[in-house]
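Using the sequences plus the hints, can you model the full thing?
6 protein chains.
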Amino acid sequence: MDESVRITAEQIRKLQVQGARNVALAAVKALHSLAEITKAKTRKDFITELSEARDLLFASRETEPLMRSAISWIITQVEDSDERNVTELTNLVCTSSQKFQKNLQVSKERIAEIGAKRIRDGSVIFTHCHSSTVTRMLQVARNEGKNFEVICTETRPAFQGRITAKEMLAFGVKTTLIVDSAARSLINNADIVVVGADAITSEGNIVNKIGSSTIALLAHEARKPFYVVSELLKFDPATLCGGYEKIEERSRDEIWKEAPSELHVRNPAFDVTSRDLIHGLICEEGIISPHSVAEVMHRVYPWVFE
Amino acid sequence: MDESVRITAEQIRKLQVQGARNVALAAVKALHSLAEITKAKTRKDFITELSEARDLLFASRETEPLMRSAISWIITQVEDSDERNVTELTNLVCTSSQKFQKNLQVSKERIAEIGAKRIRDGSVIFTHCHSSTVTRMLQVARNEGKNFEVICTETRPAFQGRITAKEMLAFGVKTTLIVDSAARSLINNADIVVVGADAITSEGNIVNKIGSSTIALLAHEARKPFYVVSELLKFDPATLCGGYEKIEERSRDEIWKEAPSELHVRNPAFDVTSRDLIHGLICEEGIISPHSVAEVMHRVYPWVFE
Amino acid sequence: MDESVRITAEQIRKLQVQGARNVALAAVKALHSLAEITKAKTRKDFITELSEARDLLFASRETEPLMRSAISWIITQVEDSDERNVTELTNLVCTSSQKFQKNLQVSKERIAEIGAKRIRDGSVIFTHCHSSTVTRMLQVARNEGKNFEVICTETRPAFQGRITAKEMLAFGVKTTLIVDSAARSLINNADIVVVGADAITSEGNIVNKIGSSTIALLAHEARKPFYVVSELLKFDPATLCGGYEKIEERSRDEIWKEAPSELHVRNPAFDVTSRDLIHGLICEEGIISPHSVAEVMHRVYPWVFE
Amino acid sequence: MDESVRITAEQIRKLQVQGARNVALAAVKALHSLAEITKAKTRKDFITELSEARDLLFASRETEPLMRSAISWIITQVEDSDERNVTELTNLVCTSSQKFQKNLQVSKERIAEIGAKRIRDGSVIFTHCHSSTVTRMLQVARNEGKNFEVICTETRPAFQGRITAKEMLAFGVKTTLIVDSAARSLINNADIVVVGADAITSEGNIVNKIGSSTIALLAHEARKPFYVVSELLKFDPATLCGGYEKIEERSRDEIWKEAPSELHVRNPAFDVTSRDLIHGLICEEGIISPHSVAEVMHRVYPWVFE
Amino acid sequence: MDESVRITAEQIRKLQVQGARNVALAAVKALHSLAEITKAKTRKDFITELSEARDLLFASRETEPLMRSAISWIITQVEDSDERNVTELTNLVCTSSQKFQKNLQVSKERIAEIGAKRIRDGSVIFTHCHSSTVTRMLQVARNEGKNFEVICTETRPAFQGRITAKEMLAFGVKTTLIVDSAARSLINNADIVVVGADAITSEGNIVNKIGSSTIALLAHEARKPFYVVSELLKFDPATLCGGYEKIEERSRDEIWKEAPSELHVRNPAFDVTSRDLIHGLICEEGIISPHSVAEVMHRVYPWVFE
Amino acid sequence: MDESVRITAEQIRKLQVQGARNVALAAVKALHSLAEITKAKTRKDFITELSEARDLLFASRETEPLMRSAISWIITQVEDSDERNVTELTNLVCTSSQKFQKNLQVSKERIAEIGAKRIRDGSVIFTHCHSSTVTRMLQVARNEGKNFEVICTETRPAFQGRITAKEMLAFGVKTTLIVDSAARSLINNADIVVVGADAITSEGNIVNKIGSSTIALLAHEARKPFYVVSELLKFDPATLCGGYEKIEERSRDEIWKEAPSELHVRNPAFDVTSRDLIHGLICEEGIISPHSVAEVMHRVYPWVFE
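Residue numbers (our numbering), protein chains in the order written: chain A, 511 to 816; chain B, 511 to 816; chain C, 511 to 816; chain D, 511 to 816; chain E, 511 to 816; chain F, 511 to 816.
Read the hints as simulated data drawn from the structure, not as lab findings.
A hint or two may mislead.
If chains are identical, the list can't say which one is meant, so a pair holds when it fits in one copy or spans any two.
To be verified - Taking lysine to aspartate or glutamate pairs in the EDC-like style, the calculated list, with each CA pair at most 20 Å apart, reads:
#1 756 x 701
#2 549 x 759
#3 609 x 590
#4 676 x 768
Note that the structure is predicted; figures quoted are calculated from it, not measured.
If you want it as C-alpha cells, here you go:
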C-alpha cells in the first residue's frame, strides 16, 4: 500500500495531526494519494487496497467520527459504482476526496455565516478551548463590523485557550483570558457561550474538550444561551448502535511532568455535554435543537447510516 | 513602633505569608513581639502603639477576617482591662497572643477529629486546592486506620493541589490528580467532597480558592455531600454590616507570563460558595448548617460583633 | 401597484391589524386583490409587481413568520409555474390565496379538535393573553359538553385577558381573572396551562405575548403541563439561518400615558419560552415535542425552507 | 366469528395475558387463527369479519398501542390488496401475522444487542419491575462475558421485581432486591438505570409500571443515565391526536385484601415519565432522543399514522 | 375610649393608612393619644382601656405583625410595671410610644446604611412595588455618590411602582419602568434585586406585595442575588404557633371596574417568598440568612415571644 | 442491677418496643423502676448502678437519640445534685423520670395543637408511614371540626401505612391508601405533606422511615409544603461531633420470606431527608426552619450538649 496512508495513520496516532477536522482532511488526502499511485490492476484489488487503508486509518485513533464518515463515504462511492476500469475508479476516489474537502469547507463557511448572526454588536462571548469553526464564526462577525468582547479560558492542560486569545486579538477583538476555574465568576458578564465539538452522539449529546460540560452547566445556571458550533458529520453513527463515545485518556506528562511516580494522574481529553444544556447546535443545516440531530442526519446525510 | 509589625505587614502584603491561618498567626506574633519591646511608658501610649500596629496590619491585605478578629480581640483585652501599669498590659498582650494561638491550635485539632468521623473506610474523598485543616483532618482519619482514596484538582494558577497530593501520598493515601476542568468527569467516583475556607460571610456563604463554588455546584449536581472545613473565626463581621467580601485579584503573571500585552487577564483568587450548596460546615462547634453561622458566632464568640 | 397592498401594509404597520393570524390573512387578501386588478401584461411584469408587494408587506412589521410564509408560498406558485399567460397567473394567485386561507381555517379547526381532547371534564385551565386558536379549542371542548373553569391573567399592558374572559363567559365557562403578578399564587389551582404563539424558532422555542415565558416557568415549578397551541406555519425559517427573533418594542403610552418624560419605559411585546418548559406543541400535525419542530416542518411544509 | 378471537379478547380483559408484547402476540395469533378457519366467501365478508375481530380485541383493554398497531397493520394489508380471492386474503393474513411476529422478535434481539453495549463490565445496573426486553438485553451482555450487578425493586403491588431477580440469578448475575421506597438510598450505588415501556406518547413521554417516573427522577437527581428499552411500535398514535394515555386502575385487592371497606384504595398500574428525564430510548432504530420519536415513527413506520 | 383609637382603627380598616410601617406608627400614636386623655382613675381601669384599644386595633386588619408587636410591647410595659399611679402609667405609655417610634426610625436608618453598601457604583438594581425602606436605602447609596440605575415594575393593580420610579428620578437615578410580566426579560440586565417585606414568618419566609415571589424565582433563575430589606419586627410570632400568614384579598374594582358581574376576580394583595430564594435579609441586625430569623428574634427581641 | 433495665434493653434490642417515643418511655420507666428497688447504699454505688443501666440501654439499639437524651438527663440530675442520701437520690430519679414523661406528653400535645393550625378545612393531607405525633395532630384538627382527606402510602415492608389509615378512618376522615410507588401520581392532589421523625441531625436533616426522603423530593417537585412533625429531643448530639446517623438494616424476611438464598436483600429502615426539602419543622418551640435547629437546641435544651 501507499506509504502516505501508513504515514498519515502514524501521525494521527502520535497526535501530530490534531482536531477532528484536520484528522479527517489528512485521512481524505491520504486516500487521494493512494488512488493516484495505486498499482492495483482490477476493481477487486483496488477495493481490497482501499479496505486495508480504511482499517489502518480507523485504527489510528479511537473516536474520530468525521474521519470515519469521510473515508466510508469515499469508499462507498467506489463500491456503489458499476465501473470496472481501475483508472476510472481511482479518478472517482480523487474527485470524491476533493468533493469531500470542498463540502467541508463550504459547511464551515455556512456555519460561520449562520453563527455570526447570533453575535450581537456590543455583546460579550464566552468560549472554551480552541475551535477553528468557532473562531472563523467570530471572524465573520468581526468582518461584518460588529464590536464584541471575548472571554476565553486557558484550557488546561494544553492551553489551547491561548491560541483562541491570540486569534481574537489578531481580529481586533478585546479579549480576556482566565483560568478554567474562574469560569463561574466571569460567565455572568457574558451574553452568550459558544464552543466547538469533537463528536455528536445519536441522543444529541456533544463530546468536546474536557471542561466543556462544566461550562455548559454554568451557562445554564446563569441563564446564558450555550451554543455548539459544528459540522453535522461529527455525528458518530456508532453511538446509535449502543457504542459509548470512548473518551481518550492522554499522557500524565501533559499535566505534571515531575509528578511523583506513585501519584495517579487522570487526563481525560473530552467530556460529554448533555443535549439539555445546549441552546442550539449551529451546523450547516442551520440552528437546530440537538434532540433531533439523528433525524436531521437521516434527512441530510442518509449514507452515514448504511 | 516595633520593626516586627512593619515587617510582618510587608510580608503579608507581598504574599510571603499566605493562608488565612498563617497570616493570622504572623500578625498575632508581631503583636506579641511589639509588646515585648515596647518603649511606651503609659497605658495611653501603649494603646496608641497597638492601634497603629492594628492599622498597619489591617491595611496589609484587604480581606483577612481571621487576622482582623485576632488582633481586635487581643487589643480589646487591653482596652477592657482597668490596669494602668504598662508592664502588666504588655504581659496581657503576650498571654492573650499565646492564648489565641493555643485556641487556634485546639480548634484545628477538634475540627480534624470531628471531620475525620465523616471519612468512611473504603470511601473516596474529592478536594480542591490545599487547606492545612483539611489535610490534618484526613491525616487523623488515616491515623485511625481508615483506608480511603483522595482525588484532588491541580488548582490553577498556583498548583496548590500538588501540595495536597504530596501530603496525601506521604500519609500513605492512594491519590489521583486531575486538571480543574475534569472535576465533573471524576466527581461521580467520589463519596464526599471537602474544602477549606478563607472567609465566612454573615449570610452563611463561604469564600475560598477560585473554583471552589464550581466544585460545590458539581457535587450538588451529582448528589455528593459537600463539606466546608473551617475555624469559626474565619467569619467576617464586616459582611454583616453590608460589606462585600472583596475578592482579591492577583497578578496576570501567575496565569501566563508571556501573555500578549494587549490581552486582558483576570485572576480572581477566590470565589463565593452559596450556603445552599454546603452540606455542613465542620467547625470547632461541630458540624453545623452554614445558614445559622451568624447565630453560632453570637453564642460562641460574641466579642467579634463588638 | 394596487392600493390594497399599500393600505394593508400601512394597517399592519400601525397595528390596526393585529395577531399573527389576522396579519397573514390581511396580506393574503391584499395579494388576491392585487391579482384581480393588476394591469401587468407580461409574466415578468406581474412577478415584478408581486415582488414589490412582498417587499412592502414584509417591511410592515418586523417579525411575522406566518404572513411571510404565506406570501412567499403564493408567489412561489407563480414563479414555479411555466404558465406565461398573465390571466392564468392571476387566477393562480387567487386560487392559491383562497387555498391558503382555507388551509389556515382547516388547521385551526384540527388544532381545536386535538387540543380539546386534553381538556378534562372538571378541570381548571390557566391561560395568558388572548389567542383565537386557544379560545376556539376551549369552545370545542365546551361544545363537547365538558365542564371546566378558566383562570386568565389580565395581560398588561393592553388587557387582552379581558377579551379571553368575556369569550369564556359567553361560552358559559366559569372564569376567574387575576393580575399577571398573581399567576404564581393561582397556578397551583390549575390542572393545565395553554397559550398561543406568535412565532416558533428553529430550536423549538416559542415567541408569544410578554409574560408567557414566566407563566411557563411557573407551570414547570408547579408541575403543571404547559401546552402551546399554534399553526405550524408560525415557524420562522429566518431563525434557522441564525436570525434572532426580533422582539417588537411598543409605545410607552401603552404602559403609562402620563409618565415623567425622563423616565425610561421599556415595553417589549413578546418574550421567548424555551422548548424545555413546553409539555407539547398542539398543532395541525398533532401534539408534538417542540424539540423536533424543524424536522416536522421539513416533512410537512418543505417549501418553507426554499 | 372464530372463538379464538373471543377467547383471546376475554383473556386480555381478565389480565390472563399480560405485558404489551404478550398481548400483541396473542391478538396477532388470534387473527391468524381466524384466517385459518373463516367461512367467509367474499372479500367483503372477510373484511367485515376482520373488522369485528378488531373491534373486539381493541375493546379488551384500554391502552395497548402495540396490539392495536399490530392488528391495524395486518388488516390494512388485506384492505390495501386488490385480491378478491378469499383464500389468498386469508393467506395474506397468515403471512402478515407471521411477519409481524418475526419482526417483533427481530426488533427485540436488535434492541438487546444495542442495549448490551451500554452495559459496562464491572458496572451496577438499577431496574424496576420486569421487562422481557430489559432482561434479554442483560442476558446478552452477560453472554458477552461481562460481569455486572443488578439492583431491582420488588415492585409493589404485584412483586414483578422478584421475577427479574430470579432471571438475573439464573444468568449468574449478582442481584440485590429492595423495597420500592429504598430506591433513593441505593441508586447512588448504580451506574445506569434501565426500564421497559408499555406505551410511548407523541410528545416522547413513556408510560410504564407505576413507580417508573419516580425512579427516573431519582436517577436524574443522582446524575445517573436513565434508559428506556422498548420496541418503537409501543408508540401510541392516539396521543398524537390529543388522546390522553389512559392509566389503568387495577383492583384494590392487589394492594390490601382485608382493607376496611370504607377505605379508598387507588391502584394505578402505570405512570408517565417525562422525556426530559430519559437519557435515551433504546429501540430497534438505535439509541435515540425520545424528543424525536414521532419523527422516527414517520420515517420507519409511516403506516402507523394512516 | 378615646376617639383617636376608634378613628385610627377605622382608617386602617379602610386602607386609608397603608404600609406595615405606617399602620404601626398610626396605632402607636393612637395609644399615645389615648394615654394623654384617658379618664381612667385606677391602674386596672387603664389596663382595661388599653386592652380594649388593642382589641380594636388588632381587629382592624388581619395581618399586621409590626403593629401588633408595637402595641403588645407598649401595653406590656404597663403590665410589667409595679406602678399603681395612673399618671405615671400614662407617662409610661407616652414614653414607650415615643421610644418605639424612635427605634423604628433608627432601625430604618441603620438598614439603609447597611444595605447601601451592597449597591455598587455602576450597577443596576431591580425592584418591585414601593417600600420606603428600600427607597431610603437607595437614597443613601445615591448620597454616597454612587451612580446606579433602577428597573422597577409598575406593580399592578395599584401601580405603586410609579411611586418608586418618581422617587428614584427625584434622587437623580436613571430609572426604567416595565410591566410586571416583563420582569423575566429585563432581570438579566440587573446586578441585584431588592424588595421590602410586609411580614416575616417563623420559617424565614417573607410576605410581600403580590408578584414578589415570582421576581425572587426569576432572580434565582438568572443567578442574581435577591435581598429582602426589612425591620426585624415584621416578624410575625403567630406563624410560630402554626398560624398561617393570612393573605388579604382586596376589592375586584382595583383590577377591573367594569368587569362583567359573572366574572370571578381574585385580588390577593401579597404572596409568600420562600427563604431559599432569598440571598439575605437586610435588617437592623445586619445582613442575615432568613433561615435563622426566629433565633435572631429570640436574641434581639425576646419579648415578642411572650 | 434491676431486672427491669435488662428486660427493657432486651425488648428494645428485639424490636418488641418500637418507635423513638416508645423506646424512650420504656427506658425512662426502667430507670424509675431501678430507682425504686435499688439496694445501693451510697451515692457512689447508686451512680455506678445508673451508669451500668445507661450502658446497657444505650447498647440496645444503635440510634435512639431521644432515649439517650432522656437517660442522660435523668442521670445528670443525680450527678449534679449535692445530695448524698441515697433515698433522696432515688426520689430524684423517680421525679425526674416522671417529669421527663410529663414533658414528652406536653410537647406532643403542644406540637399537635400547633400543627393542627396548618390543616385547612377542605384540604388533602399526604403522609407516609405511621407517627403517633402526626396522627394526634390530625386528630386535634378533626376535633376542631375541620373536614379534610388523608392520602397515605402503605409503607413497605411493614405496612405501617395501614395503621395510619385505620386511625384516620376511626377519626372519621376520608382516607385513601396507595402503594409507595404511586406517591408521585397522587401527590399533586394533596395540599400539604406531613411526616414524623426518628432523629434530627445537627445540620438540620431528618432521619425517618425509608421512603420519606423520596416523598420530600416529590413534594418539592410538585410545590407542596413538606412538614416534619417531631419533638426537639429527637435531635442527635452525636451528629454534631461528626457521627453519622447510622441507618439500621433490618431482616430480609421482612421483604421476602421465600427469597432465593443467593439473592442479596437490602432492607434499610430509614433514610435522610435534607433540610432543604423541609418547609418547616413543627416542634414544641413552634414551626421553625430546620437549618437553625442546633441553635434552637442550645437555647431550649442546652444540657443535651454537655
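Now for the hints, and whether the structure bears them out:
no.: 1; hint: 756 x 701; in the structure: between (32 Å within a copy, 16 Å between copies)
no.: 2; hint: 549 x 759; in the structure: neither (38 Å within a copy, 65 Å between copies)
no.: 3; hint: 609 x 590; in the structure: within (17 Å within a copy, 30 Å between copies)
no.: 4; hint: 676 x 768; in the structure: between (29 Å within a copy, 12 Å between copies)
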